[in-house]
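4 protein chains.
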Amino acid sequence: MVIIVESGADRQTVDNLVAKVSSLGFTPHPIYGVEKTVIAVVGEKTQEKIDILEMMPGVQQIIPILKPYKLVGREVRTEQSVIPLGEGLAIGGERFVVMAGPCAVESYDQLSEIARYVKSSGAQVLRGGIFKPRTSPHDFQGLREEGIPIAMAVKAEVGLPFITEVVDIRDIEVLHDVADVYQVGARNMQNFALLTELGKVDRPVMLKRGMSATVEDLLQAAEYVAVEGNANVILCERGIRTFENFTRNTLDISAVPALKRRSHLPVVVDPSHACGIAWMVEPLALAAVAAGADGLMIEVHNDPPKALSDGAQSLTPDQFDHTAARVWAAARAFGRRVS
Amino acid sequence: MVIIVESGADRQTVDNLVAKVSSLGFTPHPIYGVEKTVIAVVGEKTQEKIDILEMMPGVQQIIPILKPYKLVGREVRTEQSVIPLGEGLAIGGERFVVMAGPCAVESYDQLSEIARYVKSSGAQVLRGGIFKPRTSPHDFQGLREEGIPIAMAVKAEVGLPFITEVVDIRDIEVLHDVADVYQVGARNMQNFALLTELGKVDRPVMLKRGMSATVEDLLQAAEYVAVEGNANVILCERGIRTFENFTRNTLDISAVPALKRRSHLPVVVDPSHACGIAWMVEPLALAAVAAGADGLMIEVHNDPPKALSDGAQSLTPDQFDHTAARVWAAARAFGRRVS
Amino acid sequence: MVIIVESGADRQTVDNLVAKVSSLGFTPHPIYGVEKTVIAVVGEKTQEKIDILEMMPGVQQIIPILKPYKLVGREVRTEQSVIPLGEGLAIGGERFVVMAGPCAVESYDQLSEIARYVKSSGAQVLRGGIFKPRTSPHDFQGLREEGIPIAMAVKAEVGLPFITEVVDIRDIEVLHDVADVYQVGARNMQNFALLTELGKVDRPVMLKRGMSATVEDLLQAAEYVAVEGNANVILCERGIRTFENFTRNTLDISAVPALKRRSHLPVVVDPSHACGIAWMVEPLALAAVAAGADGLMIEVHNDPPKALSDGAQSLTPDQFDHTAARVWAAARAFGRRVS
Amino acid sequence: MVIIVESGADRQTVDNLVAKVSSLGFTPHPIYGVEKTVIAVVGEKTQEKIDILEMMPGVQQIIPILKPYKLVGREVRTEQSVIPLGEGLAIGGERFVVMAGPCAVESYDQLSEIARYVKSSGAQVLRGGIFKPRTSPHDFQGLREEGIPIAMAVKAEVGLPFITEVVDIRDIEVLHDVADVYQVGARNMQNFALLTELGKVDRPVMLKRGMSATVEDLLQAAEYVAVEGNANVILCERGIRTFENFTRNTLDISAVPALKRRSHLPVVVDPSHACGIAWMVEPLALAAVAAGADGLMIEVHNDPPKALSDGAQSLTPDQFDHTAARVWAAARAFGRRVS
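Residue numbers (our numbering), protein chains in the order written: chain E, 5 to 343; chain F, 5 to 343; chain P, 5 to 343; chain G, 5 to 343.
Here chain E stands alone, though its shape is the one from the complex (with noise of 0.2 angstroms):
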């Protein structure tokens, strides 16, 4: 970390902040300038150190300087992840995939309807919200354990592995037969006593970025799975909360690259609920292909009047297969490889 010393500060006090320094364990190089005096601290850091100095006289900012995540990062490990999700497909590599289903799972017809056409349109990974975390109490909170039978029924039909989304710790057992990878709401980004847990199973885990969670807090986010000694890690950029509201949240694209290149884990955008808006989808989705993405999770709806949640970003089957096919297209054109 480097300590920016307050202008004006006297020897004195410099001095002490350097003392302070090294009885903490730290290596000390002050340095002194003409406008500012800087103090480069070496060393092992922790955060209660670092707010241990902020608090000394003297001290009118404390830079961290960003370091290697010891697990998640490619300083560690510079080669690319690659994720088995499960019937031989795995992201991170050269593939491209594509996860699609409904919102959530209603029915057995409604599900395995869409199923059959996503697989169609060469989806790869079938997605279907078993257990739903709504904002009001007084929504639909999804099928819940009646919807597992219906999943475990649908995926073994069409052989796609199915993605789901867990928002509490007791489910994760519950989901485990049904869940080929386990996803994590932006809602439960930091819900850190989840991610401990899923740090322990041995099924991938897609992390969806948090409403207003950096580039860091996601990637320290995954940390803590990783920690736990579970490397399948995906990310997904799913948009963030800024001042426009033309759409739903805002699609950080630039998380994409930003993500690539500070990670080795693969990731996966989700136009949908980043627009929430149907005829929006296709645009952002050609934009994460050519952004650098290895996949994206797309909400389809084969009677979009029937819908049960989130209705108005979900394409219908037809829409879908158009994306779809401009997507493959644009992915065979920037390099990705096309089951």
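Be a bit skeptical, because a hint or two may be false.
[What the hints assert, rightly or not] Only pairs whose alpha carbons sit at most 30 angstroms apart, straight line, appear in this in silico DSS-like list of lysine-lysine:
1. Lys40/E x Lys74/G
2. Lys40/F x Lys24/P
3. Lys40/G x Lys24/E
4. Lys264/E x Lys24/E
[What the hints assert, rightly or not] Footprint (simulated), chain F over chain G, 3 or more residues, beta carbon under 8 angstroms:
5. 294-304
6. 329-341
The hints are simulated quantities; they were obtained by calculation from the structure and are not laboratory data.
Glycine is no exception: its CB is placed at the ideal position from the N, C-alpha and C atoms.
Mind docking chains F, P and G on chain E? Use the hints.
Relative to the frame of chain E, chains F, P and G by itself:
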């Protein structure tokens, strides 16, 4: 809700929309304007029905009309909620309440010393983290179970109610005896599984606003607790995430009058986490009193250079004593009862 | 507009509101719902009349219905605008346009060298700042008047149209001969005096989105230029200000499809200013092509270590050549004509 | 500044960086840490030199050290600026200043009536827009030249100094006699051409913070005025743009102590524009007093239903009288002199 029809939609499109509205059980009132046609829709809405309509051809936008919160809103209950905190204290009435203490419980000596200090400066509730959620898994996570007997002993000695954060459903029971008030942190504001369980306990819950949560989102989250039977919810403004980085977060002081107007629940402000800078806690605390808050939560540490977390924003006992004196004077000037 | 009446307002209050609406020359349509009463209002609105109604007792909220932009909106003109840029080039049609050049014009040698480089890589428009707006008055403000003959000479040599920023009404005339396109920077997007004057010139204007401007604000600003008679406005997305600080700004890629849907004006993306990081320019440029932009503006410098402004985000000619080649390939793959 | 070297950069890369730093006229201090190498750089920086270094191979990040503002910062001038406003009034000292009046000057009768009202409630400065910048060109733009004699007459009658917005360099002279204080609106905060010209006039300038401007940006903009010789700059917080839409903008109350600490200039808060809701003006005004502001600017209208702009946020004279009385009481309680 009000449906805005796209410019240029023909009569058939509007008629189809009107028919769909009726078929969903609503009463449609189409209004044909010069530039635009709108359809006002009367009846009991659900998010699902809104989503269905959003997908119909010809719909430009659906404007939801903010509906009364069933439990936490002023529409249903106009008188202010006064919530007992234990030890004869209550929040939401005339009395202004100051909660103070360390970020984290570190030892018996530390908590005991701070508790006596803050009580002598007039604080009526002791705070202290036992389980700490931290952005990085490599940072200090609190004393955890070991912290409980320490807090039990100290709160008995000083006779102050104790508030502490719960981050995991499984800890609700563990913390039951020590927590006079359960705190839900900003990162868990939309951890609906946790909120639902806290709706079943016999303790007040202080719910901190998420970093990207709107006033509306916070009230909906409070509704999650209330709907399970626990009406004793305290709302806490602690700063939102914006582009400004002078402060750690941006204290949304407007949220105080906004929450007080929309809801009957008490509102507390946490200036320490909002700004993250010790010298700024006092002016923000005073602003909170002036804006009509019912209480404050302030971090205090007996020996800042040894604090194990969030030191930079903690006040020393002397600083806290100064701030508290000004807070009590301000509270009195603004007509609050000061115990 | 739609007036939402406060819950619990009595009949007299609603009647007064309806009367006021009529007295302002509108036709009111009150709708009495179960939970809420709303009044739909038909007629030609002005902001003033809306403000008057907002102050009436019983009004909870007034929801403006987005009205068609009189000049720049799709409602009035459905076909895409194709704007001539000089030298036989036009933007907004099938052809994809790349504008490139240094942040600031520094010398004849510098501009001439870069101009030849970028032209050889396929750029069709040369950019270069002559008057530079800078956050601090102590920073380099451009060559100012001295830069004009340099740019005149270079654009004549290479035969590329030249785009440059105008920051002061008094410079519009000064820059008239050298500027084939006037650029309005993000900081001046709502400098309405400047926009009004640019509405009277015979040159296209490229209007960059302000850092906190919504898509709606940008279109309203374009309307300021158009209303004075200059319909040749090009919109430019260059990043908005959010909490994320990995990048200098956050490129709002959704603004591309949003602007294209609401307006017939061409849309350009400036990835250099959006991210402020040289290595991120390429993936963002490709994303812009994929999302449907009509062109790009990219900063290039011949000798980065000597650049007098914004060096960090400039590409070297070699980097630009690489990026341009990928942009042309992508543009072709997405069906654009590549000259 | 401090240069953070990329993890894994070899010794040659670091040596090249050190050499480049020297060649630019700085003194480099490389520090070789366990995880990271950093180079502290001492000497007089320019943005240009920083940009050059940012492009060097091996540079991960350059951290600028906030340098003292040459003119508006506390480093250079520790005592608080007290700025005369005319009619024997000054701002920045012990006395708390309230500026009030209509959004726009509409007629002699309107301005005269409001002026007498607000004076009787204790306001010491009259505000009123003559030239109005509006988001849409189709909205009312103020009385323009016709408003000047009206304001001249009224300010003479009531004996209050008058503050009005200037939106165009060409109007500075036109407004010179009527404006005791020039106001620069949020949209023009970075209209550097306007700021530069205002630096040459013999009138105080009140500079409103831009909607997406940081505290740092605002101080840099003030520096633009001061550098030309006009040291009489008043800073005004009026809300920033965030995701929260309960209020029109989000009042950044922390900006008050932040600006007061970094700068010797007086700080005014405009609660009317910050929230855009008449009933919320009072609590925010009180919060501003408590947070240490030197003054307030509040919109008042004599006949709200007839107001031609921004009616929703204006107080009636009675409401203003109530708010002013509470403001004076609060100012007194917080130790300010109340005339």
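We went through each hint and held it up to the structure:
1. Lys40/E x Lys74/G: 14 angstroms, holds
2. Lys40/F x Lys24/P: Holds, at roughly 21 angstroms.
3. Lys40/G x Lys24/E: 21 angstroms, holds
4. Lys264/E x Lys24/E: It is violated: about 38 angstroms lies between the C-alpha atoms, which goes past 30 angstroms.
5. 294-304: Coverage by chain F holds here, the residue count being 3 at a Cβ distance below 8 angstroms.
6. 329-341: holds (count 4)
Of the numbered hints listed earlier, the single one contradicted by the structure is hint 4.
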